[in-house]
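Trainee: Sequence:
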Amino acid sequence: MKAERERFEFDRELGRYVETSSIERELSLRARAFKLALERFGHDQAEKVAAIFGGTEESARDLALTLGVDEDKIPMLVTWAQSQGEVFKKFWRPEVVRFLDAFSTGVWWDEEMKEAWERMKRHG
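So in this note's numbering the end of the sequence shown lands on 124, straight run, no missing numbers.
Think of the hints as simulated: they come from the structure by calculation, not from any bench.
Among these hints, one or two may not hold up.
Calculated pairs, DSSO-like style, for lysine-lysine (alpha carbon to alpha carbon, straight line, at most 30 Å) [stated by the list, open to error]:
id	residue 1	residue 2
1	35	48
2	35	2
3	90	114
4	48	90
5	2	121
6	121	35
7	48	2
8	2	90
9	35	114
10	114	89
11	35	73
These numbers come from a predicted model, not from an experiment.
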């Protein structure tokens, strides 16, 4: 047992073992950064999405041509499409939460990891 403990301590000093709380803290920080990046993506891309559907003069001109709308309506089309950026932002936020649920704590993709985590929780 003494030799086993010494080997474990040696391995721990070499970085082969890490406290579970350190790993959990790291994963939590990464998850938070990932969530913020995804939320920010919706905000940052809303204008580009609107541009696809008439949010720029060029795309509005294409839309007007396709719909047979007079070119004098292009400014109105641009204004409307750009206003839909807010709709996209509101749509995006709950989608991020739904997407991240599959990666939340307690969801294990690997059976071995699931069993190891359950053992660790039982034995503290």
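Trainee: Confirm or reject each hint.
Mentor: Taking the hints in turn, this is what the structure says about them:
{"no.": "1", "hint": "35 / 48", "in the structure": "21 Å, holds"}
{"no.": "2", "hint": "35 / 2", "in the structure": "45 Å, violated"}
{"no.": "3", "hint": "90 / 114", "in the structure": "35 Å, violated"}
{"no.": "4", "hint": "48 / 90", "in the structure": "15 Å, holds"}
{"no.": "5", "hint": "2 / 121", "in the structure": "25 Å, holds"}
{"no.": "6", "hint": "121 / 35", "in the structure": "26 Å, holds"}
{"no.": "7", "hint": "48 / 2", "in the structure": "64 Å, violated"}
{"no.": "8", "hint": "2 / 90", "in the structure": "60 Å, violated"}
{"no.": "9", "hint": "35 / 114", "in the structure": "23 Å, holds"}
{"no.": "10", "hint": "114 / 89", "in the structure": "35 Å, violated"}
{"no.": "11", "hint": "35 / 73", "in the structure": "39 Å, violated"}
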